[in-house]
Amino acid sequence: MKAWDRVLKARKKDRPTSLEYLDVIFDSFIELHGDRLYSDDKAIVGGLAKLGDIKVTVIAQEKGKKLKDKMARHFGSPLPDGYRKALRLMKQAEKFNRPIICLIDTQGAFCGIEAEERGQGEAIARNLYEMSALKVPIISIIIGEGGSGGALALAVSDEVWMLENAIYSILSPEGFASILYKDGSKAPLIVDEMKITANDLLNLKVIEKIIDEPEEGIEVHFDQTAEVMKKALIEKIEELSLLDKTTLVNRRYDRYRQFTYE
Amino acid sequence: MKNIFKKTHYIQLTPNPKNTNEANVPTGSWIKCPNCHELIYKKALKDSDFVCGSCKKHFRMDAESRLDSILDEGTFLEMFTELKTVNVLNFKGYDEKIKALKTKTKLHEGIMTGTGKIEGREVAIGVMDSRFLMGSMGAVVGEKVTLLVEMATEALLPVIIYTASGGARMQEGIISLMQMAKTSAAIKRHSDAGLLYITVLTDPTTGGVTASFAMLGDIILAEPGSLIGFAGPRVIRDTIKQELPDGFQTAEFLMEHGFVDKIVHREDMRSTLSGLLKMHS
Chain A
1 MKAWDRVLKA RKKDRPTSLE YLDVIFDSFI ELHGDRLYSD DKAIVGGLAK LGDIKVTVIA
61 QEKGKKLKDK MARHFGSPLP DGYRKALRLM KQAEKFNRPI ICLIDTQGAF CGIEAEERGQ
121 GEAIARNLYE MSALKVPIIS IIIGEGGSGG ALALAVSDEV WMLENAIYSI LSPEGFASIL
181 YKDGSKAPLI VDEMKITAND LLNLKVIEKI IDEPEEGIEV HFDQTAEVMK KALIEKIEEL
241 SLLDKTTLVN RRYDRYRQFT YE
Chain B
1 MKNIFKKTHY IQLTPNPKNT NEANVPTGSW IKCPNCHELI YKKALKDSDF VCGSCKKHFR
61 MDAESRLDSI LDEGTFLEMF TELKTVNVLN FKGYDEKIKA LKTKTKLHEG IMTGTGKIEG
121 REVAIGVMDS RFLMGSMGAV VGEKVTLLVE MATEALLPVI IYTASGGARM QEGIISLMQM
181 AKTSAAIKRH SDAGLLYITV LTDPTTGGVT ASFAMLGDII LAEPGSLIGF AGPRVIRDTI
241 KQELPDGFQT AEFLMEHGFV DKIVHREDMR STLSGLLKMH S
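Those protein sequences? They're chains A and B, same order as listed.
Position one of the first sequence corresponds to residue 1 (my numbering), numbered consecutively onward.
Position one of the second sequence corresponds to residue 1 (my numbering), numbered consecutively onward.
Simulated from the structure, these hints should not be mistaken for lab results.
Cβ atoms here follow ideal geometry from the backbone N, Cα and C, with glycine treated the same way.
Errors might be hidden in some of the hints.
What the hints assert, rightly or not - Lysine-lysine pairs mimicking DSS-like chemistry, simulated, CA-CA at most 27 Å apart:
no., chain 1, residue 1, chain 2, residue 2
1, A, Lys135, A, Lys50
2, A, Lys91, B, Lys188
3, B, Lys84, A, Lys205
4, B, Lys104, B, Lys42
Stated by the list, open to error - Cβ pair distances, simulated, as ranges:
no., chain 1, residue 1, chain 2, residue 2, range
5, A, Ile179, B, Gly120, 40 to 46 Å
6, B, Asp261, A, Lys2, 26 to 32 Å
7, A, Gly112, B, Ser29, 39 to 45 Å
8, B, His257, A, Ser28, 37 to 43 Å
9, A, Ile179, B, His257, 26 to 32 Å
10, A, Leu37, B, Asn35, 34 to 40 Å
11, A, Phe75, B, Arg234, 19 to 25 Å
12, B, Pro224, A, Glu31, 41 to 47 Å
13, B, Arg234, A, Lys95, 38 to 44 Å
14, A, Tyr261, B, Glu252, 34 to 40 Å
Go ahead and model the full structure; you've got the sequences and the hints to work with.
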């Protein structure tokens, strides 16, 4: 399949969003709100849940379904407040020794005056910095769009997985085409060279695992895919939980340290 | 009567170069300050650390001149110049572009890294240079920052980084994004070792550099008037379809909103850095 077809699938209107995964994969979800600094950003949903028998912290980017909901969540593009809420909950997870699961689905961090006023750059940087040393297992799954720093701010993890038709990129294909080819509408033509599909990223060692999607479309057999994810998550979390904390953190450091080419 | 004050004749300030006598000042040795329109003699600019003598506008500065203006004379030892820019995504024309920039700027990459002394105190220092693909961060910039910070963690040195960057390097795609995580993780280890990290934000500091090592300083200084932000002003304007307020995303705006410790004029930078180092020795 061409990269552009996957872009369209990743953005498809009826593609399941984070809250639907939360329903199937986790039990007893208790949502926790707010960054304790300014607001509660609805583009990020976070809280406590059970993954099988394991108590975990879940952090998920949510685009919303109906227009009103989408607007309240500003289409899944988090404000700095969202990243700070995520960090607060991740630190809390570390305190109580709970593994962290992040679901990623965003075009990118929110772009606007208020985001700049409240330090979007600082909020993302702080998450990268702190996540790199959290002493609990972290797994991030890109379920739709993984847009730039806005996605990475929840993906400094022990493993990053992608759904087969998800994308993960430095910038949206439109933005990339606009910068390098001075024409955003060229995106479908140049998207292949960006290497944003799950296969490309597995080859580049940016991700560890691809979760297959049903041929008929993920929305058709959604529960099936979510169950596969649940099983894989339980297995991996159990495996990572066996590592001592120093080994866990060192491995995560090395995971990002390897992106060097000479 | 309405037109009583209307000028009908104009005095030509810059004579048409074609009619200029050869004995005149060679073309291009004067520049006009874009802020106050004062004429500045180019050669005098380096002596004034690229600051307009009249309105104090800070012009962009190349990495080498910066190192000259900050470090004790002859103490800079450049490191990590053996790294090669690799075209990981086989992006068309990228290799040629890098080669041409290396020749043109005489720089190794978008950042110069090494050690040096400020009033006798040794520091690990990195200075970005916006002439090299807008100081964008690809694998080499990310690796140089990481190696510098790791070296400093081992040698128990403070780190000073001058940022000047348009953000991630598009031509290296996702690999550029990974540099944000890599550099931030290295800084976390340096910090956990109880060591000092100072960033100096200069014009422009945006995108992936803002959202990683620029904003992680224990102390964050900025040069007056610098553009600093996450999303670039043009992108924001196009997204929200509104004019941006005056002074938006300047160093002063960031200080007002609590993201910068201190705005420091270039002529006071060396003494400010020296004072901060002294407080941590």
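Each hint tested on the structure:
1. A:Lys135 with A:Lys50: Since the Cα atoms of Lys135 (chain A) and Lys50 (chain A) sit roughly 19 Å apart, the hinted pair holds (cutoff 27 Å).
2. A:Lys91 with B:Lys188: Status holds; Cα separation ~15 Å.
3. B:Lys84 with A:Lys205: holds, 20 Å
4. B:Lys104 with B:Lys42: holds, 19 Å
5. A:Ile179 with B:Gly120: 40 to 46 Å: holds, 44 Å
6. B:Asp261 with A:Lys2: 26 to 32 Å: violated, 49 Å
7. A:Gly112 with B:Ser29: 39 to 45 Å: holds, 43 Å
8. B:His257 with A:Ser28: 37 to 43 Å: Since the Cβ atoms of His257 (chain B) and Ser28 (chain A) sit about 39 Å apart, the hinted range of 37 to 43 Å holds.
9. A:Ile179 with B:His257: 26 to 32 Å: holds, 27 Å
10. A:Leu37 with B:Asn35: 34 to 40 Å: holds, 36 Å
11. A:Phe75 with B:Arg234: 19 to 25 Å: The hint (19 to 25 Å, Cβ to Cβ) holds, given that Phe75 (chain A) and Arg234 (chain B) are roughly 21 Å apart.
12. B:Pro224 with A:Glu31: 41 to 47 Å: holds, 44 Å
13. B:Arg234 with A:Lys95: 38 to 44 Å: holds, 42 Å
14. A:Tyr261 with B:Glu252: 34 to 40 Å: holds, 39 Å
Consistency note: the structure conflicts with earlier hint 6 alone.
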